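Work out the full structure, taking the sequences as your base and the hints as a guide.
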Amino acid sequence: MRADGLLAMLDRWGRYALPGAVLLFFVLLTLAPLRAPYLSGALPLLPALVVFQFSLATPERLPGPLLLVMGILLDLLLGGPGAPVGVSALGFVLIRAAVVNNRRYLVGVPFLFQWFGFCLLALGFVALVWFFTAFWTWTAIDPLPALMQNAVVIVIYPLLAPLLARVRARDPLNVPDASRGTARPGETTS
Amino acid sequence: MAIRDDFEIVASQVRTAVQRFALGLLMIAAFGAMLLGKADTVLVEHARVLALDLASPVLEAIARPVAAANRVIADLKEFASLREENARLREENVRLLAWQTAARRLENENERMRGLANFREGPEASFITARIVGDSVSAYVRGALLNVGRKAGVASGQAVVTGEGLAGRIAEVGENSARVLFVTDVNSRLPVLIERTRERAILAGDNSPKLRLSLLQSVAGVQRGDRIVTSGHGGSFPVGIPVGEVVETGEGSSVRVRPFADFSRLEFVRVVDYGVTGLVGGSGPAAPAAPPAGVRIR
Chain A
105 MRADGLLAML DRWGRYALPG AVLLFFVLLT LAPLRAPYLS GALPLLPALV VFQFSLATPE
165 RLPGPLLLVM GILLDLLLGG PGAPVGVSAL GFVLIRAAVV NNRRYLVGVP FLFQWFGFCL
225 LALGFVALVW FFTAFWTWTA IDPLPALMQN AVVIVIYPLL APLLARVRAR DPLNVPDASR
285 GTARPGETTS
Chain B
1326 MAIRDDFEIV ASQVRTAVQR FALGLLMIAA FGAMLLGKAD TVLVEHARVL ALDLASPVLE
1386 AIARPVAAAN RVIADLKEFA SLREENARLR EENVRLLAWQ TAARRLENEN ERMRGLANFR
1446 EGPEASFITA RIVGDSVSAY VRGALLNVGR KAGVASGQAV VTGEGLAGRI AEVGENSARV
1506 LFVTDVNSRL PVLIERTRER AILAGDNSPK LRLSLLQSVA GVQRGDRIVT SGHGGSFPVG
1566 IPVGEVVETG EGSSVRVRPF ADFSRLEFVR VVDYGVTGLV GGSGPAAPAA PPAGVRIR
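Each protein sequence line maps, in turn, to chains A and B.
Mapping of the first sequence onto my numbering: residues 105 to 294, in sequence order.
Mapping of the second sequence onto my numbering: residues 1326 to 1623, in sequence order.
Hints listed in this document are in silico derivations from the structure and should not be mistaken for laboratory results.
Owing to the predicted nature of the structure, the values given are computational and were not obtained by experimental measurement.
One or more hints might be untrue.
What the hints assert, rightly or not - Derived list of chain A stretches under chain B, where covered just means 3 residues or more per stretch with a C-beta under 8 Å from a C-beta of chain B:
no.: 1; region: 110 to 119
no.: 2; region: 245 to 255
As the list claims (entries may be wrong) - Far from chain A by the CB rule (all over 10 Å, computed), these chain B residues:
no.: 3; residue: N1411
no.: 4; residue: A1412
no.: 5; residue: S1451
no.: 6; residue: D1460
no.: 7; residue: S1463
no.: 8; residue: G1490
no.: 9; residue: T1522
no.: 10; residue: R1525
no.: 11; residue: D1531
no.: 12; residue: S1539
no.: 13; residue: L1541
no.: 14; residue: V1572
For each residue, glycine too, the CB sits at the ideal point set by N, CA and C.
So, in structure tokens, the structure goes:
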């Protein structure tokens, strides 16, 4: 009984810690010296993908303050003299808010809809980071590499999203038909 | 009792307010972090270094298998073109042997001339070999993380070289980690010489694979294929490290330079420790005292 209780507790803690741990992993992976030509350029956007994907099903396990810390860590690690520290945090928080407020269009809907939603949000995220970096350092930064990054991460999304959906505790695609399109935060069954 | 109830009511009201304005508060916090970073650059610098030091052991663990996998892929690619590669190398070897003879002869001659002219050499440079444990490459930055830091004698502003030529300079130093800013980064400005004409110029990066040569006296004197080397002006870099070669001498005074270092397959680099005397420029008797550790050369 006691072992069961302990296991259950571990299980619960594991479930709660998982999204944050996955996000931290992808923040660190940003710096991994992968030498794949396009992929390594797009790595800094993968944490945003993780935030989007986990906000779909379990936003309560990625609380705002955690996103703030992760975003600031990402900015600190990515470096760049004079680059704004905290712009990724702002982007993460906005992505989470956008997903939570638009669940009805994003959760329990066909995959293409989710993908389209991700395209829009990723573009917004890239635009935000580009704007703040250019504004903060007051230099005209070529937007093309940033757009390239965006294109690559959009192509990666269908490959990575199902994997993350497996990792995550509840899959919004398993929502019964009756509640499709009307699911509220944290709700998976009607 | 009533006080306690009141307290609970107020607490719950505060909680609802915080929840309602959570997004706003988080956004304000993010903006606050950005403003703080702009206002207090030293604090951000410390935070960056701390984050770097904490992340570098994890990154090193990730970097080794990734490097091994990359090497296997590179090996397989090379295996396919082994015959051509061999022929090319043999030819190159013959050419290099001729150069070696010339270099030996010149070195001897130089030595004798220096003896005659009573020439005093600059400070001797020593090297710190480092493994690249992280790429700091995004749409905005071109750099890398090294697994050596202040403990190994790395300091800000030191040159980072590969076998082929200059890679960049040290931008941030932690206890056991350091960040290199590549010469291709948009923030990189390097005083250089055109080897053939001995003309000074500034080599600037713009995040693209090619560098831009600016502040030239005359564009006409530059030819395609000219080698660009560090000039040593500014004192923190040794003289004559090869940087790249001119590949474009277009109109509109734009001279483009291809760096010798191959940034796509860097694994080990050497940090050039040029001694503190290099930083203050010259080792004459009037040279000021050595600056304290951590002085930044920008």
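Now the hints, each set against the structure:
For a cut-off of 8 Å, the count of residues in the region 110 to 119 of chain A with a CB near a CB of chain B stands at 0, and the three-residue condition is violated. Counting residues of the region 245 to 255 of chain A whose CB falls under 8 Å from any CB of chain B gives 6; the rule of at least 3 is met. No beta-carbon of chain A is positioned within 10 Å of the beta-carbon of N1411 (chain B); the least distance is around 25 Å. With a cut of 10 Å on Cβ distances, A1412 (chain B) stays outside the contact zone with chain A, its closest approach being about 27 Å.
The beta carbon of S1451 (chain B) is kept farther than 10 Å from every beta carbon of chain A, the shortest such distance being approximately 26 Å. Against the 10 Å criterion, D1460 (chain B) falls within the reach of chain A, whose nearest CB is about 4 Å from its own CB. Against chain A, the non-interface label of S1463 (chain B) is violated: not every CB pair exceeds 10 Å, the least being about 4 Å. Its beta-carbon lying about 19 Å from the closest one in chain A, G1490 (chain B) satisfies the requirement of being farther than 10 Å from that chain.
Consistency note on T1522 (chain B): stated as away from chain A, and its beta-carbon is indeed over 10 Å from all of that chain's, at 31 Å minimum. For R1525 (chain B), the non-interface assignment is confirmed: its Cβ lies about 24 Å from the closest Cβ of chain A, beyond the 10 Å cut-off. Under the 10 Å C-beta cut-off, the non-interface status given to D1531 (chain B) relative to chain A is violated; the minimum distance is some 8 Å. With a cut of 10 Å on Cβ distances, S1539 (chain B) stays outside the contact zone with chain A, its closest approach being about 15 Å.
With a closest Cβ-Cβ approach of about 22 Å to chain A, L1541 (chain B) is found to remain outside the 10 Å limit, as its non-interface label requires. Distance check for V1572 (chain B) against chain A: the nearest CB is about 19 Å away, which clears 10 Å, and the non-interface claim stands.
Violated hints for the displayed structure, listed by number in ascending order: 1, 6, 7, 11.
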